[in-house]
Amino acid sequence: MLSFNSFSVIVLLELIDVFIFTTSLVRSQLIELPIDCNRAPPGLFEICQQFRQFGLAARTDLSVAPPQLPVNRPTMPHSRSFSAAVAPQPSFVASVYDCLDLRCLCPYFGGGIAPDGNCHLQNGQILQRAIRKEIRMLSDNERNRFFNAVRQLKASGEYDRLASIHKQNMNKHFHLLIQSATSLNNSQEATGSGAHSGPSFLLWHREFAKRMEIALRLIDPFIALPYWDSTLDGHLSDPRDSIMWSPTLMGESDSSGRVINGPFSGFVTLDGHPTLTRHLGEEGHLLTDQNIDAVYDKDTIEGILAYTAPTQACPYPPNFSALEYYHASVHIWVGGDMKPPTTSANDPVFFLHHSFVDYIFENWRQMHQNRMQREQVHNL
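Take 1 as the starting number for the sequence shown in the UniProt record's numbering and just add one per residue.
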């Protein structure tokens, strides 16, 4: 008969504790393994690997705060405390980008709110909503005014300050730069944050594009951020022949990929390179009508916001038809500065592309909920 003294029992219990801890650790590590990108459809393997890097970096370096409602949040329609009046602004607004409504924005434009509720500028004109158009649908005057505003913003340094948000340390501006040991070419930096590889992608970039639009409108209040509908170029036998890549619009590139003419030639990048670079059509693909239809066909919020870099513990499978995947293929198609997220905002094409991505997202929203339903219905 086997017998144990008290010491043996203690040792056995300690061994059991170690076994349980080790088993739990192994299990958690297995569960947190990222998706296998070999499952990605043809052409998406590289993008999947990139999203995997971003997701791993975010999970490793970003702490998760418990969800909580904002302090002094606006009340909801039909609640007892709801008022139709404009919600009060915080007592201190750090910059124009923190404004939530016209009453806050108007003074930054040198105007004032009139009794009719409009923002009247110093020249007597009313500050209108920004109406975004496809860049090839702009009149010559609209296009030239937009280009002039971008150049002035670049000369002032504010373009670079905004573009650096897409690159800087997470503690300052949402993003964390890490040196990737598994980078696709072993030399790129990978970005880890909630702004990519998951449900925050569309919302974060909506706010980012909005801030660029505000900055441009502070220079010229009567312009808006155009969008680039790359499905139009995809119908050409060679999309590189599109007028988008002519001196009239985004400019031509030489054999080394350097942008040599057009409104943004001579733009020095955040890394100090004397020109923007593009390598059109060497990789990736432009958006297609089928891509957009696949997005519009999604009928749940999980489908549209998507989990593009899930771990094995995630109850949702990899969504390779997510808008984030389709959008990334366009970044890769343009190439050059547009390819790595750490340099993509150097090129104004970035903001035109994301303006179109936001247009697709907004179309999806309006197809599934009207404005009143958005305030009350949350069961998509």
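No wet-lab data here; the hints were simulated from the structure. Here the structure is a predicted model, which means the values were calculated and not measured. Treat the hints with caution; some may be incorrect.
Under the rule of at most 20 Å between Cα atoms (straight-line distance), these lysine to any residue pairs were calculated in the SDA-like manner [as the list claims (entries may be wrong)]: (1) LYS298 / SER200; (2) LYS167 / TYR108; (3) LYS133 / LYS298; (4) LYS210 / ILE243; (5) LYS167 / LEU218; (6) LYS298 / THR342; (7) LYS210 / LYS298; (8) LYS298 / ILE243; (9) LYS210 / ARG143; (10) LYS167 / ILE243; (11) LYS133 / GLU207; (12) LYS133 / LEU270; (13) LYS154 / LEU270; (14) LYS167 / GLU362; (15) LYS133 / THR342; (16) LYS210 / ARG129.
So, going through the hints one by one against the coordinates:
no.: 1; hint: LYS298 / SER200; verdict: holds, 17 Å
no.: 2; hint: LYS167 / TYR108; verdict: violated, 27 Å
no.: 3; hint: LYS133 / LYS298; verdict: violated, 25 Å
no.: 4; hint: LYS210 / ILE243; verdict: violated, 26 Å
no.: 5; hint: LYS167 / LEU218; verdict: violated, 24 Å
no.: 6; hint: LYS298 / THR342; verdict: violated, 30 Å
no.: 7; hint: LYS210 / LYS298; verdict: violated, 25 Å
no.: 8; hint: LYS298 / ILE243; verdict: violated, 32 Å
no.: 9; hint: LYS210 / ARG143; verdict: holds, 19 Å
no.: 10; hint: LYS167 / ILE243; verdict: violated, 30 Å
no.: 11; hint: LYS133 / GLU207; verdict: holds, 18 Å
no.: 12; hint: LYS133 / LEU270; verdict: violated, 28 Å
no.: 13; hint: LYS154 / LEU270; verdict: holds, 11 Å
no.: 14; hint: LYS167 / GLU362; verdict: violated, 26 Å
no.: 15; hint: LYS133 / THR342; verdict: violated, 27 Å
no.: 16; hint: LYS210 / ARG129; verdict: holds, 12 Å
Against the hints set out earlier in the document, violations occur for numbers 2, 3, 4, 5, 6, 7, 8, 10, 12, 14, 15.
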